[in-house]
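These protein sequences, in sequence, are chains B and X. First residue of the first sequence? That's 1 in my numbering, and the numbers climb one at a time after it. First residue of the second sequence? That's 1001 in my numbering, and the numbers climb one at a time after it.
To be clear, the hints were calculated from the coordinates, so they are not data collected in a lab. Computed from a prediction, not measured in an experiment: that's the story for all the values here. Be careful, since some hints might not be right.
Claimed, not checked - Label pairs and their in silico Cβ distance ranges:
hint, chain 1, residue 1, chain 2, residue 2, range
1, X, E1213, B, E62, 41 to 49 Å
2, X, G1297, B, G104, 35 to 43 Å
3, X, A1187, B, S182, 25 to 33 Å
Glycine included, each C-beta is placed from N, C-alpha and C at the ideal position.
Given next are the chains, with one letter for each unit.
Protein chains: 2
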Amino acid sequence: MTDIKELCAAAKRASRLLMTAGTEQKNAALDAMAQALENNCGLILEANAADVRAAREKGTRENLIDRLSLDEKRVKAMADGLRQVALLPDPVGGFDSVTTRPNGLLIGKKRVPLGVIGIIYEARPNVTADAAALCLKSGNACVLRGGSEAINSNKAIAAVMRVAIGEAGLPEDAVCLVSDTSRENAAAMMKMNEYIDVLIPRGGAGLIRTVVESASVPVIETGTGNCHVYIDDFADLKMGAEIIYNAKCSRPSVCNAAESLLVSEKVADSFLPMAKALLDQKNVELRGDEKTRAILGDSVIPATEEDYYTEFLDYILSVKVVSGIDEAIDFINEHSTGHSECIVTENYNNALRFQNEIDSAAVYVNASTRFTDGGEFGFGAEIGISTQKLHARGPVGLMGLTSCKYVILGQGQIR
Amino acid sequence: MTDIKELCAAAKRASRLLMTAGTEQKNAALDAMAQALENNCGLILEANAADVRAAREKGTRENLIDRLSLDEKRVKAMADGLRQVALLPDPVGGFDSVTTRPNGLLIGKKRVPLGVIGIIYEARPNVTADAAALCLKSGNACVLRGGSEAINSNKAIAAVMRVAIGEAGLPEDAVCLVSDTSRENAAAMMKMNEYIDVLIPRGGAGLIRTVVESASVPVIETGTGNCHVYIDDFADLKMGAEIIYNAKCSRPSVCNAAESLLVSEKVADSFLPMAKALLDQKNVELRGDEKTRAILGDSVIPATEEDYYTEFLDYILSVKVVSGIDEAIDFINEHSTGHSECIVTENYNNALRFQNEIDSAAVYVNASTRFTDGGEFGFGAEIGISTQKLHARGPVGLMGLTSCKYVILGQGQIR
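One chain only, chain B, in its complex shape (with noise of 0.2 Å):
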């Protein structure tokens, strides 16, 4: 417990330095940190080979074990992401605004760091490297906890890491890594509002919940995604089934893939059989109420109220035939995550509608879910993919770890 305490205090202190550093710096920091990685290639795999061993001895399952596996490829793929994060602009310094009041004082928003990120997160050792590039070059130390199946793989990355930032003039506790994986180290990093300035969970929906209930610190929310494609009375149908497929189909793992399908009355007949011709290529499992029964045949599994609440990550998808507009826009409301929907229509209201009345972070009409990305939304790396309105929501980048001041120049000014 004291371990912690005191880590977190160090990542506060390096925190005052990297609030002033210029860009330049970080960056080069960001690049000897690349460099250092591809340098110390073996030493990462030795201690990454050691998680794999351990991880196999549990008997863990092996789409675990490839996402905690390292080898050549993707360590240079580590350090290709630290470097593309030196080319991003630097989100700190500028002012978002400056205006001069009638008593003459001038308030300028200025753009800053946040101070200190806690990260809490699951088996991928690539989120060591990615976090603490991101977290760097917005000019705040990170604290991470990583999963006690990665330990010895984050330890390596984390040391390797730190003696670049320290060569690089920047101090290494920059990056903290939490070393004693423990429960109760996890929840003591929780309650650190005096070091720590933000808690990003990244992980599992039950990680997420964890740090949500536990935390007093303010949280980021990110990463579930029970994301919803609706197919409008006035849907190009072939776009619908094209866009349905892709949102389902193109990596069912991740957040942004598409879990509900829900179709218009209206068009329903027609349309079901072109969508389930293509999600057939993928064996795509389908779980609908009894219109879409009734249309599809029984090949279609009785969907429970449960199953639109579930964000599958899988093959398999909740299918329901609603009487319009107004149902999908309720339906949605109620179901989501508030992470992304989508309307497939050519009439202008309903689009509108779509886009006013859904209370999701990305609303879209006519284009796939899965575009909901940092990269895809032109703001390069992304931390995650916030689902609460407060501070950053959709794709958090680095705009999103920054926060604001108030400098206020005046020349004696009394109130």
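With the hints as your guide, set chain X onto chain B.
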């Protein structure tokens, strides 16, 4: 418990309608609410009299009774407050940015309401009207949980406003008052993530700490201000004395009042007696370190370390002689609550360093900390002064009560 859940669910339903309400309709509702408060002044004063009577019977201190008490003039002031909010620009509906991506997707970042705002506050019944007005103008429903000592006043004010909102064609549940002011109810409200999008505590440090520690709903932390004025080696000493006098004495009970004076040892001999001469006019109690006492004498009480962490909200000032700007910056970043700090200097580099290195919401050069206020900053009314870095920092006006969503227009793009 069921009641509070139902209340919050009703607010959520109302928020869906408010989300798309037009500016004219919201302004009409605000004007109607103002008129209704004036028309029902008698009823409100009667309810308030019951609260005041109960408070007197409990032996409540007179300054708290004064905060609780309403009269015709105060009700008129509440109504005028609502009319002023109607005159402010509507923060929602515009786009912060619109970009076209290489694939043709048009991505707009649109200002939208947060949804449901929960406000937990203490004695003053005017908060019920102020908070409701700011939330409604920004398109949000609110759940208001005032203190038990003002419950009759709050009920009367809320009931009058709700009728007016309904008559203006907006849902009455735009303003929901928690009538059962039990602790259990407040605790349940802090966990209503399903229905409440953000919680704003308004009141003393104890209330704010409780909400920050207990809530799983995202919180905007407001209010505590341990504000510093630092008199630099290169200060205009006369200006410095006027600024500390104004910052301490113009209204000591508010969060932007100065609580701590730091003086460079280079100017302490000349400055401290000048400042004391002014502060003596209001009999300000000084609590100083040894160096301060050596200069000003034994009328200065020895300061404890705790004094330097204390927001006195009274005619009390902690004083410390420091070696110069380095110690001043370190001392402030260690002791301040991140609210407002001021340097008095004529030196360019020290002014810049103070601005860059002080980690507070408002950083002043040569002006009183008392200007940290929504009105003084040109935002119109404010719901509080945020001392956290996430979402809103400094005075939180209507813009701080909004979020963004991305609306994406495509023509069949898939990924």
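Cross-check of the supplied hints:
1. E1213/X x E62/B: 41 to 49 Å: holds (42 Å)
2. G1297/X x G104/B: 35 to 43 Å: At 37 Å between Cβs, range holds.
3. A1187/X x S182/B: 25 to 33 Å: Holds, at about 28 Å.
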